[in-house]
Amino acid sequence: MATEYTSQILAVLSQSDGPVLSADAFPSVPSTTIKSALDRLKSRDMVSYKDIVREEAVLTPEAEGIAANGSHEARVFEAVRKAMGGLKIADLPSVVDNKEIAKVGQGKAMKEGWIAKDKDTFKAKVDSIVDTSREQLLAIQKTRTHSKAVISDLKRRKLVTMQKVIIFEIDKGPKYAIDFVKEETDLTADMLASGAWKTVQLKPYNFKSRGALAESGALHPLNKVRHEFRQIFFEMGFEEMPTNCYVETGFWNFDALFVPQQHPARDQQDTFFISDPPKADKPRGLQHQRQHLPTAASAQEPDSENQSQDYEEYWNNVKETHENGKYGSVGYRYPWKEDESLRLVLRTHTTATSSYMLRQLAANPRPARYFSIDRVFRNESVDATHLAEFHQVEGVIADWNLSLGGLIGFMEVFFAKMGIHQLRFKPAYNPYTEPSLEIFSYHAGLHKWVEIGNSGMFRPEMLEPMGLPKDMRVYGWGLSLERPTMIKYGVKNIRELLGHKVDLNFVESNPAVRLEKD
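Per full-length UniProt numbering: the sequence shown = residues 1 to 518.
Worth flagging that the hints you see were computed from the coordinates, not collected in a lab.
A virtual CB, placed ideally from N, CA and C, is assigned to each residue, including glycine.
Heads up, some of the hints might be wrong.
Said to hold, decoys possible - No more than 30 Å apart at the CA atoms, straight line, and that leaves these computed lysine-lysine pairs for DSSO-like:
hint	residue 1	residue 2
1	K492	K448
2	K82	K99
3	K111	K123
4	K158	K142
5	K175	K42
6	K42	K198
7	K158	K125
8	K142	K198
9	K111	K99
10	K208	K42
11	K155	K103
12	K203	K172
13	K108	K172
14	K203	K175
15	K426	K326
16	K492	K426
17	K158	K111
18	K164	K42
19	K319	K470
20	K103	K82
21	K155	K182
22	K88	K111
23	K326	K279
24	K111	K182
25	K164	K470
26	K35	K182
27	K108	K155
28	K117	K142
29	K50	K172
30	K319	K279
As the list claims (entries may be wrong) - Ranges of calculated distance between the beta carbons of each label pair, as one might list FRET restraints:
hint	residue 1	residue 2	range
31	E135	I487	54 to 60 Å
32	N324	I487	43 to 49 Å
33	K203	K148	45 to 51 Å
34	K203	V165	29 to 35 Å
35	M162	F273	51 to 57 Å
36	K117	K148	33 to 39 Å
37	L504	G406	18 to 24 Å
38	I166	V200	31 to 37 Å
39	M162	N206	47 to 53 Å
40	G237	V502	33 to 39 Å
Build out the structure end to end from the sequences listed, making use of the hints.
What follows is the structure in structure tokens.
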């Protein structure tokens with residue numbers, strides 16, 4: 001379709017001494033069609049053009065009815081004027097064929113002084129009127145514009161809306177000609193044989209044109225940021241923990257971490273409990289509680305009676321540490337219940353996996369660095385910044401004679417690799433770390449300090465029941481994956497990042513990020 005307008009554009013320019021507006025020359029042709037023809041001519045330097053964006057007034061359906069049949073007040077006036085001796089008020093809706101027109105029109109007609117009420121009758125007070133509203137709308141329908149005051153009044157009455165339109169100011173180019181010569185796109189064998197190639201005009205190559213986008217898959221922004229975190233951990237010598245066990249027992253999710261069984265985090269208001277089956281069995285040892293983890297496959301059936309007894313000893317150590325205290329601790333002083341420990345839950349943190357990995361490390365104590373990035377579940381109300389499931393980034397470092405100063409120093413190095421350099425640390429409380437630190441960073445965009453993570457040194461009440469040496473210390477820290485992703489991609493509502501409201505164009509079009517870059 002654009003091809004047929006190329007010649008028409010050249011013809012219009014030949015009859016003008018200056019620039020031509022597309023809206024005047026081709027009022028009913030879509031702007032996309034005109035632009036396609038203009039681009040074709042511009043590529044040959046036959047024309048030049050520039051875009052002009054302007055707002056035009058467009059009539060609403062109600063306004064189109066007024067433009068065709070008259071305003072409500074004018075129609076009411078005509079009905080009253082034509083009635084001999086006046087028009088009964090009750091008869092007005094049937095005469096104008098619309099209750100709404102009768103209701104609105106009679107009020108405006110009386111306000112204008114066109115009609116008056118005499119008991120139950122309307123009577124005309126003038127012989128003729130000027131339907132200003134209709135004239136204004138007809139003028140807008142023709143020119144798409146009017147005075148600022150009129151447009152403002154009609155917008156208030158919801159009779160017009162404003163829309164942006166693009167028109168083109170077209171002028172002759174350096175190679176302007178009245179005739180558009182068709183360019184050949186291919187050099188054929190017939191042209192070579194006949195010699196026509198010497199006279200035909202070949203279309204030049206456009207090396208700046210963009211090819212069609214190939215359909216392909218796209219990583220979700222969370223996966224892009226997750227990849228960056230993984231690279232940071234691998235660069236710093238960490239080993240990734242297996243985290244494919246979404247369902248945990250209360251033992252690994254809470255008890256092994258020295259979280260008391262009366263802790264609020266174990267209430268149904270905070271944790272999702274499994275209803276079928278509601279709890280795990282207790283076969284020989286604790287092997288059953290991690291049977292979904294690949295690294296625990298060999299632990300499902302102990303190779304020896306000693307291994308089974310070893311797990312039973314750990315179970316009893318945890319129980320005794322909670323009830324009466326052990327390893328220098330006074331414990332929580334409450335009756336520890338086995339059934340509560342065997343209840344199945346959707347894991348509330350990936351620290352459940354960290355506790356299992358540290359228990360495995362106790363068999364052969366050595367310096368180790370573990371990390372995990374995976375999904376966790378909390379029974380929270382969904383809003384702009386919270387979901388019932390999210391991703392936790394967690395790191396663990398085990399070594400001899402570690403100190404709190406070393407943890408702070410490591411956090412500064414770790415977050416610096418994400419481009420975060422201003423850190424503050426605030427004392428906090430966690431059941432399984434002591435001392436504990438909340439990590440804050442200065443947010444230049446918000447001009448304030450914001451919490452970005454939590455950290456601490458795992459308590460002896462958690463580590464020593466596992467069998468780890470007394471002088472082995474363990475750092476632990478964690479943060480969410482969603483918050484840095486929302487900051488990097490400018491997402492204000494977490495429901496636009498995860499869930500059914502996610503825009504697929506957002507997923508496909510956003511590039512990868514580099515955490516150390518702003």
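Hint-by-hint comparison with the structure:
A C-alpha spacing of about 17 Å is found between K492 and K448, which places the hinted pair at or below 30 Å, so the restraint holds. A distance of roughly 19 Å separates the Cα atoms of K82 and K99; the hinted pair therefore holds under the 30 Å criterion. The hinted pair formed by K111 and K123 meets the criterion: a straight-line CA distance of about 14 Å does not exceed 30 Å. Taking the CA atoms of K158 and K142, the gap is near 19 Å; set against the 30 Å cutoff, the hint holds.
Taking the CA atoms of K175 and K42, the gap is about 10 Å. The hint holds against a cut of 30 Å. With a C-alpha separation of about 24 Å, the suggested pairing of K42 with K198 holds against the 30 Å cut-off. Distance check on the hinted pair: K158 and K125 sit about 29 Å apart at the alpha-carbon level, within 30 Å; holds. Among the hinted pairs, K142 with K198 is inconsistent with the structure: their alpha-carbon atoms are about 52 Å apart, more than 30 Å.
Restraint check: the Cα-Cα separation between K111 and K99 comes to about 19 Å, which is no more than 30 Å; the hinted pair holds. In summary, the hint linking K208 to K42 is supported, as the alpha carbons are separated by about 14 Å, within the 30 Å threshold. With a CA separation close to 21 Å, the supplied pair K155 and K103 stays within the 30 Å bound. Of the pairs offered as hints, the one joining K203 and K172 holds, with about 20 Å between alpha carbons and a cut-off of 30 Å not exceeded.
The hinted pair formed by K108 and K172 fails the criterion: a straight-line CA distance of about 53 Å is larger than 30 Å. This hinted pair checks out: K203 and K175 have alpha carbons roughly 15 Å apart, not beyond 30 Å. In summary, the hint linking K426 to K326 is supported, as the alpha carbons are separated by about 29 Å, within the 30 Å threshold. The suggested pairing of K492 with K426 holds, with an alpha-carbon distance near 26 Å, which does not exceed 30 Å.
A distance of roughly 20 Å separates the Cα atoms of K158 and K111; the hinted pair therefore holds under the 30 Å criterion. The hinted pair formed by K164 and K42 meets the criterion: a straight-line CA distance of about 24 Å does not exceed 30 Å. At roughly 19 Å between alpha-carbon atoms, K319 and K470 fall within 30 Å of each other, so this suggested pair holds. With a C-alpha separation of about 19 Å, the suggested pair K103 and K82 falls inside the 30 Å cut-off, and the hint holds.
A C-alpha spacing of about 48 Å is found between K155 and K182, which places the hinted pair above 30 Å, so the restraint is violated. Only pairs whose Cα atoms come within 30 Å are accepted, and K88 paired with K111 is accepted, the gap being roughly 19 Å. Pair hint K326 plus K279 holds up; C-alpha atoms about 27 Å apart against a cutoff of 30 Å. A threshold of 30 Å between alpha carbons decides the hint, and for K111 with K182 the separation of about 65 Å lies outside it, so the pair is violated.
Only pairs whose Cα atoms come within 30 Å are accepted, and K164 paired with K470 is rejected, the gap being roughly 73 Å. For a cut-off of 30 Å, the pair hint linking K35 to K182 stands: about 19 Å separates their Cα positions. Taking the CA atoms of K108 and K155, the gap is about 18 Å. The hint holds against a cut of 30 Å. In summary, the hint linking K117 to K142 is not supported, as the alpha carbons are separated by about 37 Å, beyond the 30 Å threshold.
Using a Cα cut-off of 30 Å, the hinted pair K50 and K172 holds, with the two alpha carbons roughly 12 Å apart. A threshold of 30 Å between alpha carbons decides the hint, and for K319 with K279 the separation of about 18 Å falls inside it, so the pair holds. Taking the beta carbon of each, E135 and I487 are about 56 Å apart, inside 54 to 60 Å as hinted. A beta carbon spacing of about 46 Å between N324 and I487 agrees with the range 43 to 49 Å that was offered as a hint.
Distance hint check: the CB atoms of K203 and K148 are about 48 Å apart, consistent with the given range 45 to 51 Å. Taken as a hint, the range 29 to 35 Å holds for the pair K203 and V165, whose Cβ atoms sit roughly 31 Å apart. Our hint of 51 to 57 Å for M162 and F273 holds, since their Cβ atoms are close to 56 Å apart. For the hinted restraint 33 to 39 Å between K117 and K148, the CB-CB distance of approximately 36 Å keeps it satisfied.
About 45 Å separates the C-beta atoms of L504 and G406, a value inconsistent with the hinted range of 18 to 24 Å. About 35 Å separates the C-beta atoms of I166 and V200, a value consistent with the hinted range of 31 to 37 Å. Between M162 and N206, the C-beta spacing of about 37 Å breaks the proposed range 47 to 53 Å. The hinted window of 33 to 39 Å between G237 and V502 holds, with their beta carbons roughly 35 Å apart.
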